[in-house]
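Trainee: Residue-level listing of the chains:
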Amino acid sequence: MTTRTSTGALRGLLIGLLTLAFLAPFYLMLRNALMDTRGLTSPEWTWWPTEMHWENFTALFSDPTLHMSQALGNSLLIAGITAPASTLLASAAGYALARIPVPGRGVLLALVVATLMIPGSVTFVPTFVVVGSMGGVNTLWGLIAPGLFNPFAVLLFRNFYLQFPAEIEEAGRLDGLGWFGLYRRIALPSSGAMLASLGALAFIDSWNAFLWPLVIGQDPSSWTAQIALSTFLTSQTINLPGLFAGAVVTIAPLVAMFLIAQRYIVEGIATSGLKG
Amino acid sequence: MTALSDTSTPRSERDGSPAARPRGGPAPTRRRPDLRAWAAFALLAGPMLIGLGVFKYVAIGWSFLLSFCNAHGTIALGTWVGLDNYQQLLNDETFRGSLGQILLFTAFIVPVTFAVSLGLALLVHRVRRGRAVLRTAFLIPTAVSYVAASLVWKMCLFNGLPAGIANMMRGWFGMDAVPWIQTTEPPLYWIVLITLRLWLQVGFYMVLFLAGLQAIPRDVYEAAALDGATGWRKLRRITLPMLRNTSVAVLMLQFIAAFQAFDEFYNLFSSGLSGTGTAPVQTPLVHLYNTAMGAQNYGLGSAGAFVLTALIVTVTLIQGRFTGFGKGEE
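Residue numbers (our numbering), protein chains in the order written: chain E, 1 to 276; chain X, 1 to 330.
Looking at chain X on its own, in the form it has when it is part of the complex (with noise of 0.2 Å):
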């Protein structure tokens, strides 16, 4: 009976011929609803459907909403207030202070986190024994979280103790200790984010780059070390091209995850213990988070979540549009 019902799809509808239907009766057409492919969908795609309609759909349309609201301690439809909470946020100093420094981070972490990451993948790819254990020492890092990777970072590594690994190591070339998450100028606290996120991310994106670098075929290399290719021109005349697919999906979730920092920047700069400054740098959600769960002003930080989303959502396309993302999908 199912089975019957069943062979309504793709068969019959590519060679079209009533006869592959065994029990004959009118073949169904296409425009037709087949009652029990809808059913099998519905039960399948439902539930992750309505989910996204509720809290992607539902959820951004509904704060869209309260972003024109004043909604100050309530997330019901206020008092409609038009463009004021737009217009409160973008005379905001430090809001706008936040996304110079989002744009300054993503422009240092982006090419770093890139080059470090395809310098490992190369490495490690030319390592012939052992190379599963390289990769794992490389990727255990991206087990840990944002919180644990913080705290060894900024009451271990980057103490200001002069006992403090970093301070140790400025010592050795007599240099003293220094208060790396307070010092401003120079901002040596810099130092402390970018390493911290490199160390986290670096083995996840050189898995990538290795699994670019498994599918380029030896034969190329063969041929282009008979032409007298060496080294160098190896890499950028073959290796780098082949990469392209990976390096385009790999910059694009690198802006992205460089764009949503949050994690790092709570856990580093807000508060007390050796941390006894005020944050130095303030990313645009930890500044969203401020604005909706401190001060639950959530007309405003609705609308610091469309101002965000604009910025991210740009971006992205200008990348896509460079780099020709898109394309290779598929």
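Excised from the complex, chain E in its bound form (with noise of 0.2 Å):
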């Protein structure tokens, strides 16, 4: 009996302790976004600043060398076409290779899936080679055409939409739709569940992506809010609330979709990393 309370009292304990591990960072960014070079630099330690410096925030956005409100707009606005169209391309693409009998199709299926086996991010030399060539050096859809194609997701999809029964469209048809109808009065709606956990997904993704919009942002008008933060991250000017500032700002957004998403996001990657 008392080995079984104390065990269960370490648990507790490592539990908590790991808790507090993994938040940490969190408090530190927010702590150090608040203080001023000396109160950081200095070897005393504080847990809070006793005075509250919020004009560090402010003088991100007026820093005229770091363009954060156009890069946080920039990233607002890839994220924002990236997470809705990427999820929707392949949910049409994948109910088609699911349902859609027509001649062939094994082998295009084949052929999106031997696009898996490519990594991706070993791909930015030849998609940037193929893009610069598009002219989409520095421009919007540049920064956002080749995240809009996933396979693998195209694949989930498939999978979801084999096992959707087929009474359900046997009506849809009785009602006179064809099969462009089916997927979009029927099989679509159904899979609200499943766009929304991809689409989170996707979401994070495309906002913390870091090397295409590297790769192909090159102009600050073109920077997104990870290029913006690294900028400032790797330059040599030393600003070090600043630059915490900078992180709170970049993470803030994704932080509360993540609260307020949660149950989608955990969906999402129970889904796609079981089938992966």
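A portion of the hints provided could be inaccurate.
[Stated by the list, open to error] Derived pair list, reagent style SDA-like, types lysine to any residue, alpha-carbon separation capped at 20 Å:
(1) X:234 with E:11
(2) X:234 with E:8
(3) X:234 with X:216
(4) X:234 with X:244
If you're looking for bench data, these hints aren't it; they were derived computationally from the structure.
Each of the two chains sits in its own frame; use the hints to bring them together as a complex.
Mentor: This is the structure we're talking about:
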């Protein structure tokens, strides 16, 4: 009995410590963002700034070399387009590949699956070659387009629609719906949870993307929030509180979205991971 | 009208009776192209197929040709140089070094992430109340970008100042402060790299394991308990074997993620600020980025992309052979 309660207490303690450790970086980020440089570099530890330096945040947006507000706007636009568009494209393609019996469908599916073998970030040179030749450098479409086509999501949607009960579609067919109508009126609306899960994951991926925006968005006007922050981080000027304020600003939208759409994110991870 | 032509598909294929078609006419055979089906297929799958065609197939094909060309500062197919780029790349010590580094990094990070995320999942799964809150606490770092996390690790946790968190902890044990990122002997920067990635990724894999744990039926454990199995045996004999499919998927995802490491290496090691030294480690992707974007040598960069792709595909296939991945598909 006693050993049982003591292991239970030990486990509780372990979980508590781990939770603190996992949340600590968020606290540190916020604390540092609100301090001044002197307080940050002082050897004396303070848990919370005695004076709140909110101006670190306003300074961030008024610094002309950072382009922070434009970068945040770009990120929001890119993720805001990529998440719904890529999920919808994958759903449509997944439905067609699962349900519409056209000759050669197996070959097309194989061509989609084959692209999964080539890791996304390794293809940045080839993709740059193509997007660059089409004049996509420093453009919004150049930043967005390659991220719209996610073969993995196609595969997940295909598996989902394969299991979709045919009886429901029969009913729609009797009402005079064609293939496209069946997808748009019946299959698509009933895949809401799936769309939300994969859409939320796509938003996170797109918002946090680094390598491709670094490659294609060379001009400050096409920087994303991550690139602006990274440029700040790897530059030679030392403005520590500003840097942390920048980090807070770039992760705040995602953390907010995360807390709101948590259920879908968890579902999305579970589906995409297990099928992968 | 539409309904009529659409019944041509699965149902009439299944029962094969023309009587199923209300308005008679010849039953369409499988060979006959169904124009409506084709149109719907093209409309629904077309955009995706074209997109993958352009951004994957055309891109890779073109880049493959470029890798045999002297394409310096241009992405047009220039002078054909055969295997020169590949030769130059493989003779390049920094590239070979980067391949070694990424293999070492992978060999470290994959088992560590695997063990920690499985351990966390087992811990959280046991908790009766507040499981959702715990899951959130461990999962929320996955919302943070590598850039922001690198900043916290480099400038706050592992900065060289005595007041930096890691150095403060060393102080408790009477140890001197060290510049973590610049210390190469012993390679303390590995601690920075590994903990950073753990913090960002562990929650994601933990959720996968939690889903796997939830799928194990309770009565399996009850039966085992009747047979007198205790905690450790239950874990080895039931839990781990039942998590096999999840484990294989997690390993595969972790391998690929480790091989593609770029963000944290770039943000931790390039540049000034407290990181005065040059990058102690370079991954192949960082090398490729410098070659293609820095030196604008797209021929050499393309060759590097193919060497790296070949390496990843090989490792993935070997891993698939050992763990039997692919059998569990469907």
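Trainee: Hint by hint, say whether it matches the structure.
Mentor: Each hint, compared with the structure:
1. X:234 with E:11: Answer holds: residue 234 of chain X to residue 11 of chain E is near 18 Å, not above 20 Å.
2. X:234 with E:8: 17 Å, holds
3. X:234 with X:216: The given pair, whose Cα atoms are some 12 Å apart, holds under the 20 Å limit.
4. X:234 with X:244: Cα-Cα ~15 Å, so holds.
Hint violations for this structure: none, all hints satisfied.
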